[in-house]
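> Chain by chain, the residues run as shown.
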Amino acid sequence: MGAVPGGKTSLFLEDGSEFHGHSFGADKAAAGEVVFNTGMVGYPETLTDPSYRGQILVLTYPLVGNYGIPDDSITDELLRHFESSTIQVTALVIADYSHSHNHWNSVKSLHDWLVEHDIPAIYGVDTRAVTKKLREQGVMLGTLGKTAIDDPNTRNLVAEVSTKEKHVYKRGPKKVLLVDCGVKHNIIRAFLDRDITVIRVPWDYDFSNEDYDGLFISNGPGDPKQCETTIANLKKALKGDKPIFGICLGNQLLALAAGADTYKLKYGHRSQNQPCVEQGTKRCSITSQNHGYAVDEKSLPKEWQPWFQNANDDTNEGIRHTSKPFFSVQFHPEATPGPVDTNHLFDMFVDLL
Amino acid sequence: MKKVLIIGSGGLRIGQAGEFDYSGSQAIKALKEEGITTVLINPNIATVQTSDGMADQIYFLPITPEFVEQVIEKEKPDGLLLSFGGQSALNCGVALEESGVLKKHNVKVLGTPIASIKDTEDRDLFVKRLDQIDAKTPKSIASNDLKGALAAAKKIGYPVMVRVAYALGGLGSGLCEDEEQLRERCTKAFANAPQVLVEEWLGGWKEVEYEVVRDSFDNCITVCNMENFDPLGIHTGESIVVAPSQTLTNSEYHKLREIATRVIRHLGIIGECNIQYALDPESEDYRIIEVNARLSRSSALASKATGYPLAFIAAKLALGQSLVEIENKVTKKTKACFEPALDYVVVKMPRWDLKKFKEVDQRIGSEMKSVGEVMSIGRTFEEALQKSLRMIGLGVQGLTMHTLNFPNPEEELQYPTDKRVFCIGDVLKAGWSVEKLYDITKIDKWFLYKLQNIVECKQALEKGLSKPLLRKAKQLGFSDKEIATILDKDELEIREERRSAHILPFIKQIDTLGAEYPAETNYLYLTYHGQEHDVTPSDKPVIVLGSGAYCIGSSVEFDWCCVNAIKTAKELKKTTIVINYNPETVSTDYDECDKLYFDELSLERVLDIYEFEDPEGVIVSMGGQIPNNLAIKLHNAGANILGTSPEDIDRAENRHVFSALLDKLDIDQPPWKELTSLEAAKSFANMIGYPVLIRPSYVLSGAAMNVVWDDASLIRFLGEASEVNPEHPVVITKFITNSKEIEIDAVAKNGEVLIYAISEHIENAGVHSGDATMMLPAQRLYIETIRQVKRVVRAIAKELKITGPFNIQFLAYQNRIRVIECNLRASRSFPFSSKVFKHNFIEIATRAILGEPVQAVDKSTLDLDHVGVKAAQFSFSRLKGVDPLLGVEMASTGEVACIGPEINDAFLKALLSVGFKIPQKNVLLSTGPIEHKALLLDSVKQLRDMGYTLFASSGTAEFLRRHDVNIYELHWPLDKKEPNILTFLQQGMIDLVINIPKNNEARELENDYLIRRTAVDHDISLITDPKIALQTVEALDYYRKNGLEIKSWQEY
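As given, the protein sequences belong to chains P and C, one line each in that order.
Going by the numbering used here, the first sequence runs without a break in its numbering and finishes at 353.
Going by the numbering used here, the second sequence runs without a break in its numbering and finishes at 1405.
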């Protein structure tokens, strides 16, 4: 176990506020968009979620690193314990780091893992104060340590995290074409577990000539409007009748392809406790979320309807086509991290293939 | 649904304590909001739920099917709530359903259906139901007799765990390593319960629980999960518990969460419940230990830990509402359908009182023995843990600062007592490795590493102080006092040093959503891991200090006082602040005060809050002895104490000063002296004459008060129980036999008495006032005695310039009264006095304290047309081996009170409320010394005339025969001859035992002990006091002729 540097460092926000703490992970500075997540477990999964690309992540749950980091074992060509092949956040901000960890499944400390991936982090921060600031003023750019500010949303983040080439995960005869905008591994696992062959293609791949039974649009980072090629490809698919399912960024891209609009939320939803009500019912599911943009429900064309709504702030959490098998959700039914309550949506999609 | 009956939980006892006042109160509020008329049955008079403004009709009656049925007949409710009164209410409800009473009166059980309750209560059914959905339970076999249990154990393989069905707090459950232990445990268990479960032993597995909520639309959420610091094998009520879980990965957390929702849906629970797991520390293998289909101690804790009002929501769900419709009362912006995100860590620490019972096994295990609990909040585990260690009130300053001694740490660690956590601190300090500790204790290493951080900081402090080290120590939860002690300085010196270095705590909110949404919450704690406050100071608020942990002698009654003080202050348009850390209380509910500081009641913390809030002042007279003790310290530190001046409080607290004051006022007191050597103690005792009451200085390992009858017992007691020296003096007081004890609860303003209530104990002096049976108004006092009491009360109030509540206790012998105790604060009996008199003493006291105009009550309790009787609730059945005998040291864990048209009615109802059963046929008599035999002779004849068959031990039998009473003689237990008393007791052939203790021969004492203990172990009604025996016989006779009155409090 490597020693934590522990030197003083600070989180600087673009409005000039500073939050002091001690350094751990890689000993360097980093810049990004500062966002917070209120989940209480699952830091290995969270930190490898590609949707965090370009972001400095603040965890509101103060005790982090308790159970270390699991091994790099691979199943089905995917890291078993992580959501992508690398740490995606630019930097990590927490309150209390567990310098000693313990778990049967761990092989290294969070600190060592961050060093390995060259990601800096800070502990000892009043993360509640940071969170309140972000909540009141909206997400902000910031740096960990002294370095220039950098706005990740001006970049095509999806291109950074998407697979570079087509890859097939062989299973049963049914095939899902998965447009990878930064897909979480557990989405792929969800299909493989259901004996579905997954054809994983880059975000801008023209899939019109591919042979598949259903189309899936993955989650991913940043502003959906950056993904013009994906939207264009989707528009073509919407003319057909093959089932389409989207998650998170996939929900926004589907909406944009359908002709609706998206907008940036003040501070997004990043947590494991978001209640989503299925419209027209009293059924509510607790969901895992990670997004900064949302679909503007009012802009939905008439052949589309809201499917789920957030019980806290009434924002859109999913849409579906009124006659064709097209639907998508803003939350993460694949969980990891978070509750698995909406896992049945995969069954629903698979049943249509 | 127009009218709903709620069943309460009765007197506080081990396994079923104050948490049900919280849950019942929330349920009543939730129902009232819907315009539903509420009827409540609960004999626990000290609760908030049985107060004015709560239920529309309140019945102070026993929680038994017979009484509940009578109330149903009278009130004709449409619905019944069973899940808010603990196991007592649940069992009562199941019995009513099984006997067809609910169907007959067309009463609907709201929330979780009875069938689901049975599925969770009957272990065999439970396992079958869970097997249906492939949810894993421990390998287990239900047995209805000993033979079955032995066969089951053989099949599973020793060691096995034995669990008793339908038991609260794991009563009777435990580990059996071999056949002999199994035999012993099962024999006892079958005396109380129809079934036991023999299970595979999962020692060393992690224990994790989830609080689950489900509505009738099948929405199901988990509000909180919790992890036990102590691995499986120690009852969750005896464990240190953290929320949320700390050592579980995402995969483990959500695997168990998913199983929880699946199980609860399958069982069909509607409302709130709790599911407990064992989790393998080496894999993701798990077992479901149990489901509690009701609000529980854990749910009260979860509610306070997260800010999610579980009981309130559960009541709404029972009415058929959906989670999606109910507002989140904390944020007022979001809905009840969500799972709280915590941005802090919570530690629950049990509070034990085992030292009060010298015979009890001090080790903790699968049965609950703790009497209360505390909850602390911090931004690190270390901070929260150290807070909680101070909160339990053992005089401990933190993990590493205590006066305990562990001569054999290995044994302490392996077979833990309630002090294990301190032993861990000690051995870490002595250099033991975390690995070694883990091998012995199986406590997750993560927790042990955290304890090591604290120990290392202590070691650094011993080498001297620096600013960064001081900050670190504060962040690891060290108190100023602990740091001061390490550095041989004064607490306030460190405080000043700290303040000038700008090392200050910050106030943070508990908002259920990790700051994601703005919240109007008033739920606060302090931490050294912050750089800004979440709140601003209130405008000249009034701070009420709460009661702290419930323990023997300080319980729900002080919470009632606090809640009523807040209520009155609110009515007077004051902004109210409460400081308290007891999760079982109503005063810590989100909707009681304007600001709640869930934090320590220490000088340091109260001053922190005082300095921030700059209040009008602090009320210290409502929460019992903890705030009372802080009065003078706060005053000296410059805080404004409202009510009686702290200097005058000190005059009453200081034995010497108070004694001189009584002499000056010409008020009689028993002769006493403080002595610093055994010799001096002996000669003083001889001078005033035995018996004497001895009261050693309270030290952690020492013992408490006792009455001694001669030199030999004086020497034995003082010699073995404590050291006597100038630092630890002993107080010896003349013990006056055969005298009555009288208590007065009163309120004064500027020394003028505004209201008072005089009550009388049924037992003679010698039984602690907390254990005694109390009558209000006094029934058997001379007018002259009452006149003298009033005179003394007025004189003391005037001399001490009392403003606020106070209580004085007297001994009365013939017409002479002597003061034995005076407290310038609310006493245990204030709710009793207030509710029987129907004048709220606390409301009057609070008005007086806040300087508001208040009218004296020009009425005496003697004018009442009814009588109230308060009886103590004991927990002897849970304290294995303890002699259920009453003495000068308090032993009861709770109390009840009932009201009736006259003494016998109220007395019998009170007795039935604490578990007495009306004897059907056979009574065993062993009536002690000759004077008591004579005293009870007429009563015995009365029993005979009522048709009871009488059995007696040899001496009693001989005495009774001489007086022409026909009696069956049984042999003493130690005679080992049949027919033997023990056999009769064990075989359930005796309905009532009257055993009056003697104080002579050791062999006789042992015999008496065996009779009493066997009676308790076999749930047989037991009476050990001659005066209570007389009253009971009279009451039984009254009951045969008149029955008992079923009237609500409002009707009196």
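Hints were generated in silico from the structure; no laboratory data involved.
Predicted, not measured: the structure shown is a model, and the values here were computed from it.
Be careful, since some hints might not be right.
Quick list of simulated restraints, FRET-style, between CB atoms [what the hints assert, rightly or not]: (1) Lys8/P / Lys782/C: 28 to 36 Å; (2) Pro821/C / Arg80/P: 54 to 62 Å; (3) Glu637/C / Lys28/P: 45 to 53 Å; (4) Thr756/C / His20/P: 34 to 42 Å; (5) His1081/C / Gly6/P: 44 to 52 Å; (6) Asp487/C / Thr154/P: 48 to 56 Å.
All residues carry an ideal CB built from backbone N, CA and C; glycine is no exception.
> Determine for every hint whether it applies to the structure shown.
Checked hints:
A hinted range of 28 to 36 Å for the beta carbons of Lys8/P and Lys782/C is consistent with their spacing of about 30 Å. Distance hint for Pro821/C and Arg80/P: a CB-CB separation of about 41 Å, inconsistent with the stated range 54 to 62 Å. Under the hint 45 to 53 Å, the C-beta atoms of Glu637/C and Lys28/P, about 36 Å apart, miss the expected range. About 39 Å separates the C-beta atoms of Thr756/C and His20/P, a value consistent with the hinted range of 34 to 42 Å.
Taking 44 to 52 Å as the suggested C-beta distance range, the pair His1081/C and Gly6/P conforms, at roughly 46 Å. Judged by the Cβ atoms, the range 48 to 56 Å given for Asp487/C and Thr154/P holds: they are separated by roughly 51 Å.
The structure does not agree with the numbered hints 2, 3 stated previously, though it agrees with the rest.
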